[in-house]
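Trainee: All chains should be modelled from the sequences, with the hints used to inform the complete structure.
Protein chains: 2
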Amino acid sequence: MVKTIEWKDNKVIMLDQSRLPIDVAYIECKDYLMVAEGIRKLWIRGAPAIGIATAMGIALAAQEISATDFEGFTKGLDPVFNTLIATRPTAVNIQWAVDRIRKFLDAGKDEPIAGLKALLIEEAERILAEDIEINMAIGRWGAQFIHDGDTVLTHCNAGSLATGGYGTATAPMLIAKEQGKKFQVIADETRPVLQGARLTSWELMQAGIPVTLITDNTAGALMQKGEINLAIVGTDRTVLNGDVANKIGTYTVAVLCKEHGIPFYVAAPMSSIDFSIPTGNLIPIEEREPREVTHIFGTCRIAPEGVKVRNLAFDVTPARYVTAIITENGAFKPENLKELSRPDPDLEKLRIRV
Amino acid sequence: MVKTIEWKDNKVIMLDQSRLPIDVAYIECKDYLMVAEGIRKLWIRGAPAIGIATAMGIALAAQEISATDFEGFTKGLDPVFNTLIATRPTAVNIQWAVDRIRKFLDAGKDEPIAGLKALLIEEAERILAEDIEINMAIGRWGAQFIHDGDTVLTHCNAGSLATGGYGTATAPMLIAKEQGKKFQVIADETRPVLQGARLTSWELMQAGIPVTLITDNTAGALMQKGEINLAIVGTDRTVLNGDVANKIGTYTVAVLCKEHGIPFYVAAPMSSIDFSIPTGNLIPIEEREPREVTHIFGTCRIAPEGVKVRNLAFDVTPARYVTAIITENGAFKPENLKELSRPDPDLEKLRIRV
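In the order they appear, the protein sequences are chains W and P. Going by our numbering, the first sequence opens with residue 1, and the numbers climb by one from there. Going by our numbering, the second sequence opens with residue 1, and the numbers climb by one from there.
One should not assume that every hint holds.
Pairs involving identical chains hold if they fit within one copy or between any two copies, as the list cannot separate such chains.
DSS-like mimics (lysine-lysine), calculated; alpha carbons at most 30 Å apart, straight line [to be verified]:
1. K182 to K333
2. K177 to K308
3. K258 to K308
4. K258 to K11
Hints in this document: simulated from the structure, not taken from any laboratory.
Mentor: Right, dumping it as structure tokens:
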């Protein structure tokens with residue numbers, strides 16, 4: 001499996017996904033500002049992967065702090081937290097990683113600073129390992145929805161490249177393949193940044209899963225012809241009532257699925273569920289620069305000079321379009337997410353089983 | 001207004017739309033094979049424009065035929081008809097132009113061949129002039145649906161560039177502007193060939209109509225926010241029951257419109273209505289080469305080498321999604337199209353008026 005991100009020799013090595021599939025190039029980040037730049041410029045993308053990058057960026061910054069007392073040390077990390085949080089306002093995993101590291105630091109406040117620095121590296125690597133475990137669990141709960149002969153639609157990239165490994169939306173596909181199921185995948189190319197064309201089709205080809213690339217315009221026609229059996233997508237942030245923020249165009253896929261009676265699944269690690277936000281209309285939606293739309297790869301111009309552009313990076317799919325949210329703890333109806341936010345939910349009772 | 005196609009000095013001059021908006025280049029077609037190549041390679045595109053190109057291509061071929069009797073002359077045109085019809089199987093206007101020229105020839109079979117050759121040029125130029133008249137009529141019937149403050153969504157290019165002038169889907173916009181209405185347009189970029197980004201946004205900017213370019217993925221999110229009031233699209237072929245074949249993605253726009261209670265209009269010159277086909281599922285749908293999807297402008301690669309691609313060029317929007325079909329004879333409910341196919345329909349009774 002291609003390594004998305006790793007900690008090596010006191011540097012963070014990340015695959016520059018903005019150049020895939022033309023070039024497979026790794027970038028060595030020697031300081032946290034470069035990690036932040038990588039998150040902002042989409043060298044690394046995908047909710048779980050940027051959570052891992054955040055933790056590794058913090059560990060990197062920590063090594064450079066000269067304070068010898070705990071207060072000075074954590075004070076030195078404050079601008080690091082703020083810089084990382086500001087890179088991608090819609091992604092909950094950056095905040096999640098910052099919160100986890102903050103708690104980790106509080107628990108270790110009696111450690112010597114040199115020890116804390118080493119522990120932060122270990123913690124970042126633990127987040128990576130846990131992510132892979134979580135994705136495999138999502139894969140096991142999600143694979144039940146894929147049957148022999150199915151064609152699965154996916155949008156954007158919630159694949160291995162978006163995570164530490166296995167992916168979220170792709171984990172049910174990889175596990176279904178391990179289970180010997182025969183199925184194929186249709187990948188929406190996912191304009192403007194083309195994660196489906198560049199990343200999803202590439203990594204599914206590498207995994208030996210039959211994949212066909214289409215333009216985002218084509219999914220509706222294939223559904224109309226009865227050629228798609230289910231859709232599985234990822235999420236950047238899912239909220240308490242089951243509304244799902246994900247890559248722009250996901251809502252369109254969900255509407256098309258509803259119109260054709262096709263189940264629409266969202267693979268969501270618990271870390272991407274934001275129980276603090278009651279409904280999807282309260283999720284901040286990032287608008288990105290026009291150039292992503294007017295220039296392919298930043299170079300190939302496709303639109304008139306000076307044209308006005310609206311470039312919403314995400315949309316919100318209301319819970320009523322979602323058949324199930326697949327987490328590492330099981331697959332659930334979106335309206336049951338609020339049960340999961342309570343202490344000791346009866347998971348066995350809430351889980352959807354085919 | 002930019003000239004899409006014209007007859008000049010015994011040549012057909014066409015704007016190479018495949019290079020817009022980067023280059024504004026005209027191609028001189030000296031023989032009908034080059035006209036056919038232009039239709040096939042999308043130098044010229046849009047149902048009415050390729051009907052005009054077909055008639056001009058035939059006129060061009062006619063000048064080269066050496067037969068001196070009517071039978072030999074028309075026999076010489078048979079391969080021309082066949083070559084032109086084979087260029088784009090979904091487009092009804094090529095067949096329409098061929099049929100018109102065939103009838104025109106039959107009516108002139110007593111003319112000397114030299115006279116017929118000149119008459120074919122006149123007839124091709126008449127088709128161009130009539131097309132502009134037709135589009136202005138579509139514009140007058142369609143402008144009633146555009147109100148002050150509206151935002152109009154359009155997909156692909158059914159603009160001046162797709163016709164002799166004024167366009168079909170854009171004609172209501174141009175006439176509404178002439179009527180002093182204040183409104184704006186959202187143009188779907190329309191992957192894979194990007195007619196919306198390259199052509200529609202360009203020609204609306206030239207016409208002084210405020211236009212915003214979006215990816216095809218964005219229309220759903222804007223509808224959800226209440227930012228789109230109506231959609232107007234063109235058609236490559238509309239059939240007896242009101243089903244509409246148009247650029248891939250049109251069906252998705254129609255489904256989204258239905259989901260949000262937004263009216264969905266189709267601008268269709270009578271020449272694009274094929275009364276011989278009862279329902280949309282019988283319309284042949286062209287599948288085009290993968291390279292349109294994997295390479296932008298044929299050069300900028302965006303997908304892995306060897307990836308499998310499904311590239312449907314058109315989709316079919318069932319009549320139940322269509323609010324009205326706007327023709328040069330008025331706007332009609334799609335279920336009333338069959339009335340128009342009967343002799344002496346009561347147009348006044350059938351027309352929709354706001």
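Trainee: Now tell me, hint by hint, if it's right for this structure.
Mentor: How the hints compare with the structure:
Taking the shortest Cα distances, K182 and K333 sit within 30 Å of each other inside one copy (26 Å), while across copies they are farther apart (45 Å). Proximity of K177 to K308 under the C-alpha cut-off of 30 Å is restricted to the inter-copy arrangement: shortest distance 19 Å between copies versus 45 Å within a copy. Taking CA atoms no more than 30 Å apart as the test, K258 paired with K308 passes between copies only; the shortest distance there is 27 Å, against 32 Å inside one copy. In this assembly of identical chains, K258 and K11 lie within 30 Å of each other by CA distance neither inside one copy nor across copies; the values are 46 Å within and 52 Å between.
Taken one by one, the earlier hints fail for this structure only at number 4.
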